[in-house]
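Chemist: Numbering follows the numbering used here, with no gaps: position 608 of the sequence shown is 608.
The hints are simulated quantities; they were obtained by calculation from the structure and are not laboratory data. Some hints could be false.
[To be verified] Computed cross-link-like contacts, DSS-like style, restricted to lysine-lysine with a CA-CA straight-line distance of at most 25 Å:
(1) K293 with K258
(2) K166 with K345
(3) K293 with K243
(4) K372 with K243
(5) K183 with K113
(6) K243 with K570
(7) K293 with K610
(8) K610 with K328
(9) K65 with K345
(10) K194 with K166
(11) K258 with K501
(12) K627 with K610
(13) K293 with K256
(14) K194 with K345
(15) K591 with K372
(16) K293 with K194
(17) K627 with K293
(18) K243 with K258
(19) K328 with K345
(20) K591 with K728
(21) K194 with K113
(22) K293 with K372
(23) K194 with K183
(24) K570 with K501
(25) K591 with K256
(26) K65 with K113
Computed from a predicted model, the values in this text were never measured in an experiment.
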Amino acid sequence: MRTRKTAIRPLALLSATASVFALAITSAAWANPNAQTDGFNTKEPDASASVATSYFASESALPFKAPDFTQFSEDDYMQAFEQGMVIQNAEIQAIIDNVDAPTFENTIVALEKSGRMLGRVSRVFFMYTGTNTNERLDAINREVSPKLSAHSSSITLNSALFARVKAVYGEREVLSLDAESAKLLEKTYEDMVKAGAELTEDQRARVKAINTELSSLTTQFSQIVRNATNDQPLVVETAEELKGLSENQIEAAAAKAKALGLDGQYAIAMQNTTQQPLLPELENRAVRERFFKLSYGRSDGTNSEFDTRMLVAKIAALRAEKAELFGKPDWASYIMQGNMADTPKLALDFMAQMVPALAETQRREAAVLNAKIAENGGDFTVQPWDWYHYASMVREDRFNYNEAEVTEYLLLENVLEDGVFYMANQMYGLTFERRSDIPTWHEDVWVYTIFDADGSELALFYFDPFQRPSKRGGAWMGSIVPQNYLHSEKPVVYNVLNVPKAADGEPQFISWDWVQTAFHEFGHGLHGMFAEQEYPSLSGTATPRDFVEYPAQVHEMWRNQPAVLQHYAKHYQTGETMPLALLERIEAASKFNQGYDFGEVMEAALLDMKWHSLSAEEAAALDTPEKVIAFENVALSELGLEVDLVPPRYRGTYFNHIFSSPTGYSSGYYSYLWTQMLDHDSRDWIVQNGGLTRENGQRLRERVLSRGGTMDYDVVYRNFAGREPDVKYMLEALGLLRGENAESQSSSE
Numbered sequence: 001m002r003t004r005k006t007a008i009r010p011l012a013l014l015s016a017t018a019s020v021f022a023l024a025i026t027s028a029a030w031a032n033p034n035a036q037t038d039g040f041n042t043k044e045p046d047a048s049a050s051v052a053t054s055y056f057a058s059e060s061a062l063p064f065k066a067p068d069f070t071q072f073s074e075d076d077y078m079q080a081f082e083q084g085m086v087i088q089n090a091e092i093q094a095i096i097d098n099v100d101a102p103t104f105e106n107t108i109v110a111l112e113k114s115g116r117m118l119g120r121v122s123r124v125f126f127m128y129t130g131t132n133t134n135e136r137l138d139a140i141n142r143e144v145s146p147k148l149s150a151h152s153s154s155i156t157l158n159s160a161l162f163a164r165v166k167a168v169y170g171e172r173e174v175l176s177l178d179a180e181s182a183k184l185l186e187k188t189y190e191d192m193v194k195a196g197a198e199l200t201e202d203q204r205a206r207v208k209a210i211n212t213e214l215s216s217l218t219t220q221f222s223q224i225v226r227n228a229t230n231d232q233p234l235v236v237e238t239a240e241e242l243k244g245l246s247e248n249q250i251e252a253a254a255a256k257a258k259a260l261g262l263d264g265q266y267a268i269a270m271q272n273t274t275q276q277p278l279l280p281e282l283e284n285r286a287v288r289e290r291f292f293k294l295s296y297g298r299s300d301g302t303n304s305e306f307d308t309r310m311l312v313a314k315i316a317a318l319r320a321e322k323a324e325l326f327g328k329p330d331w332a333s334y335i336m337q338g339n340m341a342d343t344p345k346l347a348l349d350f351m352a353q354m355v356p357a358l359a360e361t362q363r364r365e366a367a368v369l370n371a372k373i374a375e376n377g378g379d380f381t382v383q384p385w386d387w388y389h390y391a392s393m394v395r396e397d398r399f400n401y402n403e404a405e406v407t408e409y410l411l412l413e414n415v416l417e418d419g420v421f422y423m424a425n426q427m428y429g430l431t432f433e434r435r436s437d438i439p440t441w442h443e444d445v446w447v448y449t450i451f452d453a454d455g456s457e458l459a460l461f462y463f464d465p466f467q468r469p470s471k472r473g474g475a476w477m478g479s480i481v482p483q484n485y486l487h488s489e490k491p492v493v494y495n496v497l498n499v500p501k502a503a504d505g506e507p508q509f510i511s512w513d514w515v516q517t518a519f520h521e522f523g524h525g526l527h528g529m530f531a532e533q534e535y536p537s538l539s540g541t542a543t544p545r546d547f548v549e550y551p552a553q554v555h556e557m558w559r560n561q562p563a564v565l566q567h568y569a570k571h572y573q574t575g576e577t578m579p580l581a582l583l584e585r586i587e588a589a590s591k592f593n594q595g596y597d598f599g600e601v602m603e604a605a606l607l608d609m610k611w612h613s614l615s616a617e618e619a620a621a622l623d624t625p626e627k628v629i630a631f632e633n634v635a636l637s638e639l640g641l642e643v644d645l646v647p648p649r650y651r652g653t654y655f656n657h658i659f660s661s662p663t664g665y666s667s668g669y670y671s672y673l674w675t676q677m678l679d680h681d682s683r684d685w686i687v688q689n690g691g692l693t694r695e696n697g698q699r700l701r702e703r704v705l706s707r708g709g710t711m712d713y714d715v716v717y718r719n720f721a722g723r724e725p726d727v728k729y730m731l732e733a734l735g736l737l738r739g740e741n742a743e744s745q746s747s748s749e
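Please model the complete structure; the sequences and the hints are all you need to start from.
Modeler: Spelled out as structure tokens, the structure:
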């Protein structure tokens, strides 16, 4: 039943889920960017499971084929997984047994069509384990992940199937395929080769075993890190120790402690990153230090209940061994094939050109903070737990910037509907309708139908904004139904944030950083919604890691564009629009503290490369927890940055991006920097060409957001911007260019 479109008037108007492997391995790649996609079927799924009893055996009858979350329970998942694997096994066997000569239709398209049921259950299940998990779902995850890995490898490493794929690939020059079909054929063949189809029998057996073990280890890592984050809040005895926090924040801390059975005390939840959002406001230095060290040591054995050190070592060693089986010196060299930056050297050279200016900025900003400490009577030098506290003071002194003042203009619903949605209306002509008739996985999830500029239904969009213990940290986008014409499916997309939920009756503010994240994740969502692909495995966000963040990042620019900001940033009491003078102060303040803000991301990216540039022999030598920590300490010390003052955004022991999936963002965290280069170059182009216009939106949609995995991505970018990207725009935006250094730091990639 259609309801009225909400506040979407012309003048009143946020691990991506790319399919890592072009085969119909919906069991993992379409389900969750943290799910595995290559393993070995060591045990045939239970063929006795009755397909007819599973909710997931057929398409949903809800709009957009969205799942009806009221029609299944946790008890249904394992049977549905088993049934899905049985069905796909039969589909694969039918391709192999086909007596007709291999063709694009009877082999490649048939492969693409396989695994439909498995995809449906996987996408829902892994969405749940990310957003609203529990002990039962965690147990199912541990049980099913190696089975899915095994099932996936039974397809990718099937020699009879590969023979048919290879036969079609060998005829590619005479098949007269359209561009997307040619790309599907190429990707299917290349992904099977990358999975090990051309290895010897012994090598394939070892790859299968490695994949299965990685699936188990990375699932364990993810669950331990989540528990280490959720189960170790900062607890203090008195409200005085939380001096600097607002009254509402202290009340929330008291409520959390009470929920933990700690009546009369105060508890603050830990976030997924090294730095913690409330550290800047805490005036008690000892409390700040305790909170920071709690975060930094959350899963390194400091608390013996939470220790991922040997998991990290085993994962790194298995990856390096797998790369060696493919003739590659390390995991980074193996995994980066097909990226825009397709070798570790390209990525490292790109980052290296920014290190000198960044290191200088870190040292310069540390000196400023030490001066502020001395000015306030301190007899110490800045430490990581002090950095943001004193940076906030400097920002307030220099730029008259106060986060609390800014937040009073940032109500969550306004940010989404009058900011993010307004931008999408002005750029793309989209309109939005709030739904109350679509079931969700949690009571806090909002649902919208999104209409295209011509009034037709474009997508269904779920928005899950609030932090809760059952949700992993961070923010992400996912697809429950990926767009494709093969099965006539429109996209069902969701965005997940982790905004602390306000107490009942209190205004629901979000921070300036969470506003940026909301625009970012909706940019991912648009990438999925605007897809125009025939084949699901090439649809939307099915792009390399070092491109997929770009469409999201470029939409962050609208957070602070006056034409958008003045539409959503309204004072919660007066309704007054945020003054442009305040925006100017925000922009000026944003250039300060890039030594930390940009530095912690750069360090994490370089640390990722250090872990994944290990040879098999080097990785195997990290055979004790102490050696793991020693390796990481040495690796960090070699970066040329002030890591003692600016630790990486994630240590290896809680670096979910790179260790919570058999692939994930491993050797790919640099992509957040690489795509910032594309992003800022694009921002310059957009501003120079008129800014927030339908013409610019249509160009971005047609040339980037609708292309999915059908084109080479350097071509995609040039088609949009008409030029090669230049890193200078990123360095300028971050305030990392200084005088004569500007020209020397500019380099085309």
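Chemist: Are any of the numbered hints broken by this structure? If so, which, sorted upward?
Modeler: Hint check: 2, 6, 9, 16 and 25 fail, others pass.
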